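Chain A is already provided as a structure; the job is to place chain B on it using the hints.
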Amino acid sequence: MNTDLILQFAGGVTVVSPALLLLVLGMIPLVGIRIGERLTAFMTQVSVLTGLVGSVTVLILMLVTDQRNVPIELGDWVAIEPDGFHFHLKFVFDRLSVPFTIMTFVLCGTVGAFTRVYLHRDAGYQRFFLFYAVFYLGMIVSTLAGTIETLFFGWELVGLSSALLIAFFQDRPSPVRNGLRVWIVYRIADAAFLIAALLLHHLTGAGDFEGLMGSGPWPEGVANIAGSPALIIGLLLLVAAAGKSGMVPFSGWLPRAMEGPTPSSAVFYGALSIHLGTYLLLRVSPLLDVSLPLQIAVIAMGVVTAIFGAMTSRVQTDVKTALGFASLTQVGIITVEIGLGLRYLALIHIIGHALLRTLQLLRAPSLLKDYFSLEDAIGGGLPTSKSSVGVQGTSSAGRWLYRICNERGYLDAALYRLIANPIVGLFQFAGRVEDRWTQFLSGNKSPRLSQTQVEPSAASELSRGTSEMVEDLR
Amino acid sequence: MPELMLPWLELSILIPLIGSLLVRFPRDRDLARKWCIVICSLALTCTVGEWIDFARMATFEAHDHWDALASIFHANLLVIDELNAPLLPLISLLFLLTVISTLRTKLNRFSLSGTLFYQAVLLATFSCRASWLLIALLIIGAIPPWFEMKYRRDESTRVYSIHMIAFAICMVLGYWLLPAGAEADPEQPRSTTLIAGALLTLGALLRNGIFPLHCWMTDLFQRATLGTALLHVLPMTGAYAVMRLVLPIAPSWALQSIAVLSLITAVYAAGRGLVETDGRKFFCYLLLSNSSLVLVGLELVTSIGLTGALCLWLSVGLSLGGLGLTLRCIEARIGRINLTHFHGLHEHTPKLAGLFLLTGLGAIGFPGTIGFIGTELLVEGAVGVYPVIGIAVVIAATINGIAIMQVYFRVFAGRSITTSIPFTAKPSERFAVVVLALLIIGGGLYPQPGISSRHHAAEALLEHRGVNKTESHHDGKHSQSAASEVQSDSGSMNNAETTTDLNETNQSQSADDPTRADRQLNESE
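For the record, the sequence lines run as chains A and B.
Per this note's numbering, the very first residue in the first sequence carries number 1; after that it's consecutive.
Per this note's numbering, the very first residue in the second sequence carries number 1; after that it's consecutive.
Chain A with its partners taken away, still in its complex shape (with noise of 0.2 Å):
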């Protein structure tokens, strides 16, 4: 067996492993077979390890035989030969993906293993393993994808999973309308990306990373594009990136993503996911060395989240969202390594983040736990430490920073504001205009809806419910 037979084979499990268990999770409850918390952990268990071990060997040959770059092509998935229309499902092992893949393959069998007992005899341990088991997949997919359509299919992946597990404690409405509200940044993240990659596509004739970033390895590409289309492409995929790293203005979903488990957001929002914008920076980063505008833009865009995520992590009272605000504020260093062209940094960087703030979200609940044992056992609070924040003896200007600070920079609701309630407000009035016309043509005969369930008696309700439907929306 040659080593290029060897390389396609691990690199093919390594995409393949995580697949086989969406697919095996998602289809056996489809049928009405229940699967016991045991099998579903060991299942997974075994999908990270093969997956791991797949990624491990690639890394391994590519050192042994000195190759920086290894395509694994798994043919097109759709092609329209007289068009020219091809989906390719192309992988790339190289610099930039072989460590995050195998980061990603033990953070995510980590969590796996922590989730096993965390969430043990919880009603929703099967459906938390099936969306992680989305999650894994969508994450393994970007890092790997060898086309941008590639990347975009797993980065939906990504979202859908985030959403859905920030709304995992179902039976409460706050989790599920910050799920929602996640969602929403994710949709808007999505269609910029969605539309880059299609101007992208009509630019290079080819969504394939190589006929976009030149046939280099990464990260020494060469963008075959000109300035102008690369600034406004690439501009595109900083909104992608911002949403999906919840940078600014798109910070409000980190702490509202906290509301999932423990486990969830260690993995998302303190490890995985929130780098994911930073690693598409990455990957399209020979886009920034054409346009000194687009690499201004990358900079000031993580100088200013850097600096925002410090400052508000210092206030905030709840250890998982101070948390994911100093992981933003990560974040945005890294975007600015990205956007000063150090690219090794910023994955090293990545890396080492990620696992560390991994550790730390973990570690949280029982560092409460323990806390609250210390106080228990001492019979009265643990004092505070020097570098607690107070309001009490500051400036009149460094009580407006904390007051800013502590509501988050009010950009929810600068984006509620001057986006989300203009166009809710629109279609609200053209739905009002519709259903008068609507009663004009029907001779103001309302329709019966004998099976409807809204009481008269409960309008104080519905008008509640609207108005929490409106917020969810806004």
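Note that these hints are calculated values from the structure, not bench results.
Among these hints, one or two may not hold up.
[As the list claims (entries may be wrong)] Calculated lysine-lysine pairs in the DSBU-like style (CA-CA distance at most 35 Å, straight line):
1) B:K34 to B:K106
2) B:K150 to A:K445
3) B:K106 to A:K445
4) B:K351 to B:K106
5) B:K351 to B:K426
6) B:K34 to B:K351
[Unchecked claim] Among chain B residues calculated to face chain A with C-beta under 10 Å, some are:
7) G368
8) V383
9) P387
All of these numbers come straight from a predicted model, not from anything done at the bench.
Note that the Cβ used here is the ideal one computed from N, Cα and C, for glycine as well.
Frame of chain A; chain B shown alone:
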């Protein structure tokens, strides 16, 4: 014209037609429902049979063996071609799943006989090649929902009637005014052709529910049973009418105006669905948005765009059919779905929750579902011709995605409920769930055969219109010129056979055209 092995088309229409009479006999409604399921299954078998039979022939169109109608009327009235071949099984499947998922408690409200009659009419409509008959069938197809609202539910039919009468008048008047040589030069239409074309376009738009002529749809969903409303709107007969009647004679500006109006409708309906607080109306807007996207693709007249639209037609039918049936199953448990508060049904109906999510995501073209590649192709085609349209399509899909997830959370999450009766899915509902899930996921994971088939159909349609294939590819300018060339070259096409008779030359079309013959006969009379 090649012949199928059996008279599949006539059988698929006759079986539900006879069935509609048969199911009236049993007093036991449950027994009638079982008969109805058998009849729908037979109709589905016939349509699948004709699709397989047609596929093995590797031709663009075919008609029945022992075609009784052809021998009576001396014209091929019922024809299967690449456009309608997969649509016929889709329609049959939707009817079967609708009947299967109808619970016993709803049998008194849902007319089995009327449903089967409507199935026969729809299958005839989608098999029909003669324009006059098509118009007649489209008008007949508007009657069953009206009948149900008027006599079975005692609801006001004014909104529906106004729109459908206007639709009928536009279609009849438009076709009647259409001069025999209208298709000769659509870019230089005479005033009568212009008026006739405008009337036919307006009629088709009315039937498709294009903004601002869509109010009848929301009204229908409010007043008719959900099953009837679904079956009336889901097959997108309006889009079919556009393909058969408007496209051959429409000048560029008309096609462009349809595309722009469709796009406005798609975005508007997506936005309305986002803020809608009634479950049925939400579904109606979602359907309206997606069916408008299909129409956008059909009017792009490029190979990629048309392929995307034809794929989307199937995926939307399947996905939104599944979503509609899920809503219907939920309605059977909790009544009309009010989206102003959480219902928290997931714990009790996890399968329906899964199907809702799956079908909803399929409808917006989420990766891994049947709609993904279709949406990609549609956007790709749209960007190639009009970049703004491509971006607007993405915006509409984005808003629809948000709306679907919002409704999912509203219906299935947000609180915990206890019920005195079990809400779990019945075996028949589970069957529908599994079938739809397999089709949506299967079509998503293995899309190539479907895409190839739709692309072949699109290519044949364009070839017939004289589009230079090399010009209809990615390049935007080229595509645009191709689109205009389509218009200028389509003059050689025959009115009735534009999208069907691709194997025959223009000359033979003129000679064999039953529509023209009918029109000439009418004129001589």
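Here is what the structure says about each hint:
Restraint check for B:K34 and B:K106: the C-alpha separation of about 14 Å stays at or below 35 Å, so the hint holds. Under the criterion of a C-alpha separation no larger than 35 Å, the hint pairing B:K150 with A:K445 is consistent with the structure, at around 13 Å. Restraint check for B:K106 and A:K445: satisfied, since their Cα atoms lie roughly 25 Å apart, inside the 35 Å limit. Between B:K351 and B:K106 the alpha-carbon distance is near 21 Å, which keeps this suggested pair within the 35 Å criterion.
The hinted pair formed by B:K351 and B:K426 meets the criterion: a straight-line CA distance of about 10 Å does not exceed 35 Å. For the hint pairing B:K34 with B:K351, the CA-to-CA distance comes to about 24 Å; that is within 35 Å, so the pair holds. With a least beta-carbon distance of about 7 Å to chain A, the hint placing B:G368 at the interface is held under the 10 Å criterion. Look at B:V383: its Cβ gets to within about 5 Å of chain A, closer than 10 Å, so that hint holds up.
The closest approach between the C-beta of B:P387 and any C-beta of chain A is roughly 8 Å, which is under the 10 Å cut-off, so the hint is satisfied.
The structure agrees with every numbered hint stated previously.
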